[in-house]
Amino acid sequence: MKTILRLTICLFLLNATYTSCQSKMVQINGGEYLPLYGRDSLNVKIDDFLMDVYPVTNKEYVAFVKKYPKWQRSKVIKLFADESYLREWKSDTILGENQKENSPITQVSWFAAKDYCEYQGKRLPTVDEWEYVAMANKTIPDARREEAYNQFILSWYEKPKTFNQTIGSTFKNYWNVYDLHGLVWEWTIDFNSVLVSGESRKDVDTDNNLFCGSAAVNATDLMNYAAFMRYAIRGSLKAKYTIKNLGFRCVKDTKK
Amino acid sequence: MKLLKTVYLLVASSLLLSSCKSEPKKEIAMADNSSIYIKGTIDAELTSPPFVPAPVGNRTAKKLLIDMEILEKEGTMTDGVQYVYWTFGGSVPGSFIRARVGDEIEFTLSNHPDNKLPHNIDMHAVTGPGGGATSSFVAPGHKKTFSFKALNPGLFVYHCATAPVGMHIANGMYGLILIEPEGGLPKVDKEYYIMQGDFYTKGATDEKGLQAFDMTKAIKEDADYVVFNGKVGALTGDNAITANVGETVRLFVGNGGPNLTSSFHVIGEIFDKVHIEGGSMINENVQTTSIPSGGAAIVEFKVEVPGTFIIVDHAIFRAFNKGALGMLKVTGEENKKLYSGVKQEGIYHPEGGTIQTMPNNDKKKVAVSNVEKPLAKKIADGKQIYMTTCFACHQAEGQGIPNAFPPLAKSDYLNADVKRAVGIVLHGKTGEITVNGKKYNSVMTRQTLTEEEVADVLTYVYNSWGNNKTNVSVNTVKEVKNSH
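In order, the protein sequence lines correspond to chains A and B.
Per the working numbering, residue 30 is the first one in the first sequence, and the count goes up by one each step.
Per the working numbering, residue 137 is the first one in the second sequence, and the count goes up by one each step.
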């Protein structure tokens, strides 16, 4: 009898964490860090904030468009999302056949992601905030020089169609945040503040603090070519673009 | 005298004038290419390697529409080794583009929605910033269009130039675009597209499974694979390119790199003509042509005799150990005047010995010696002799080399007859034999070993790898030797 009771409680607890965890946030302690493109004098200060543990899921986004029909596929304003917006969905409120409820939502524009977060009383992270949290591996806050950590990220970049996986299928990092690497790219609020002209070698002479590819000799973190690829994808985006490999998560400022 | 001086001056100045004139003329020719009138629009024919689109011929310059798709996809590097290639048009190298001087090329680059990364294209045939890379940077699920005027004739490389550039190239994002001169290239019978590339994998060469790209090896330029057309064997066996005796062959050869320069060579052919570095200068009667990474060459030759001609990077370990090997199969009538084939075959004895003879049956009495080493010592000494004398053909574990050298391990042929074995070591052997059910037909040369050494090495062999543990005595060796 006792065992059954214990099991039931256990199951109940499991279930509770499962349903609530999807929009659960964790505390990120701020600090200073040196971005990929930075020099010693360019340490960036990050304030404390809260970050979603997981990327926003298909299920959550379905609930969102039901509540805010202006973001339904048939009603969306073309200026705010290109024609691939939610393209794989069966209809305005029903997922496509191969899409799982617990997979990250993708094919949403920056405008849509931004609105989603704001309706939850949150916002999109800045590039610096995102990179700050994403430089942590399972055990340390800055693992950018760890070979295994870089290997993991790079092997993901070369693995096709990871957008079909479910949230939580990668690893929990130092901050208790999942899936920053391994599932999908993520929108940031200021994705286009780092200007990539599209010709990475040209960006060398423009003084915009971004060094790509062949200019990597100037970067503080020589071997972190994974990060170059993130800057490249961000540089290729426009706010209305919707991409199969690109989702998002939200953050929130901590009141002091 | 004065008159002579004047004449001299006149001649000199006219020479100067004419030489001044000839230079601006070239510039005018360039300017002409930029103002070549275009008439009509056509879709470009794109082909995957080793094929090339039909020649341009003497058509007028046109607006040429090119639609190219970028695909990131898993492919086979060599048997059992998979690799995720990034491709232009689904192949490595990317689709071949053929245009002519004066064409206005409108290029649309589409990045497949399932792809993970943004890409772009830098075409060396473009006169413009980034070779088009600036205008073609495209996110997954999107496309970009730009256009350019083909000003210079030649064979040019195109490649991706998105950060990290080296990685995009190392994953296979390169190809060739041919800009034909006014009136087209001279007609030939066969044309093919070959492009070399070096690849860097996390595992060692030939390590099985899905291999990831290795940036550290790439930076060290320590390639695991150097291949033609994206994989080991893309141009061998059934994939070999072909021609008939008497035909002229033109190869459009590129080198995508990212790192290594190619020493392009076709074994058994001399290039009648090479467009050096893919440009207008022609070299003749060339054995090996150097192709820089990010460069190309057009080589032409006539095939006069039939056979298989091996295409290699003559930095030769790349060819035989890293994959840079292709085949041109030529069929047709033999021409003994040009090439005889094998005329005679025999055993070569540097010391002037005659071709080996087989033992006869006349047996002579032999003086028996009593000097015999202990077995363990014989085996140890025999092993040393084996490793210096026999190892190369029969291999470390006596396993032999399939279809070439018979095995000594668990060998029925060896175990059946000790004296025959001694005879073979002493006198050499040619002709067909059957070992463990398999036929071998190769040549073993006579070994210059002392009687004691022969006894030692055979004792070692008989006492290794599951053989019947015969202790071959020096007397047995003498007996066999004297039976001749």
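Mixed in with the good hints there might be a few duds.
[To be verified] Restraint-style ranges between C-beta atoms, simulated for each label pair:
no., chain 1, residue 1, chain 2, residue 2, range
1, A, R174, B, K279, 48 to 56 Å
2, A, K129, B, T378, 48 to 56 Å
3, A, V55, B, E533, 54 to 62 Å
4, A, K95, B, T196, 53 to 61 Å
5, A, A92, B, P265, 45 to 53 Å
6, B, D358, A, E112, 22 to 30 Å
7, B, K279, A, P189, 53 to 61 Å
8, A, E112, B, E440, 56 to 64 Å
9, B, K279, A, A92, 28 to 36 Å
10, A, P189, B, Q520, 50 to 58 Å
Hints were generated in silico from the structure; no laboratory data involved.
Glycine included, C-beta positions come from ideal geometry on N, C-alpha and C.
Holds or violated: the 48 to 56 Å window for the beta-carbon distance between A/K129 and B/T378? 50 Å, holds
Quick one: are A/P189 and B/Q520 within 50 to 58 Å, going by C-beta? Given a distance of about 55 Å, which is inside 50 to 58 Å, the answer is holds.
Range hint 22 to 30 Å: satisfied by the CB atoms of B/D358 and A/E112? Between B/D358 and A/E112, where Cβ atoms are some 45 Å apart, the hint is violated.
B/E440 and A/E112 - C-beta distance against the hinted 56 to 64 Å: 59 Å, holds
Determine whether the Cβ-Cβ distance between B/K279 and A/P189 falls within the hinted range of 53 to 61 Å. At roughly 19 Å between Cβ atoms, A/P189 and B/K279 fall outside 53 to 61 Å, so the hint is violated.
Whether the CB-CB distance between A/K95 and B/T196 falls inside 53 to 61 Å: Between A/K95 and B/T196, where Cβ atoms are some 59 Å apart, the hint holds.
Between the beta carbons of B/K279 and A/A92, is the distance compatible with 28 to 36 Å? Holds, at about 33 Å.
In this structure, is the beta-carbon distance linking A/R174 and B/K279 contained in 48 to 56 Å? Given a distance of about 38 Å, which is not inside 48 to 56 Å, the answer is violated.
Distance restraint hint 45 to 53 Å, applied to the beta-carbon atoms of A/A92 and B/P265: 47 Å, holds
Tell me if the beta carbons of A/V55 and B/E533 are separated by a distance inside 54 to 62 Å. Roughly 59 Å apart at Cβ, these two residues keep to the hinted range, so it holds.
Figure legend: structure checked against the earlier numbered hints; hints not met, in rising order: 1, 6, 7.
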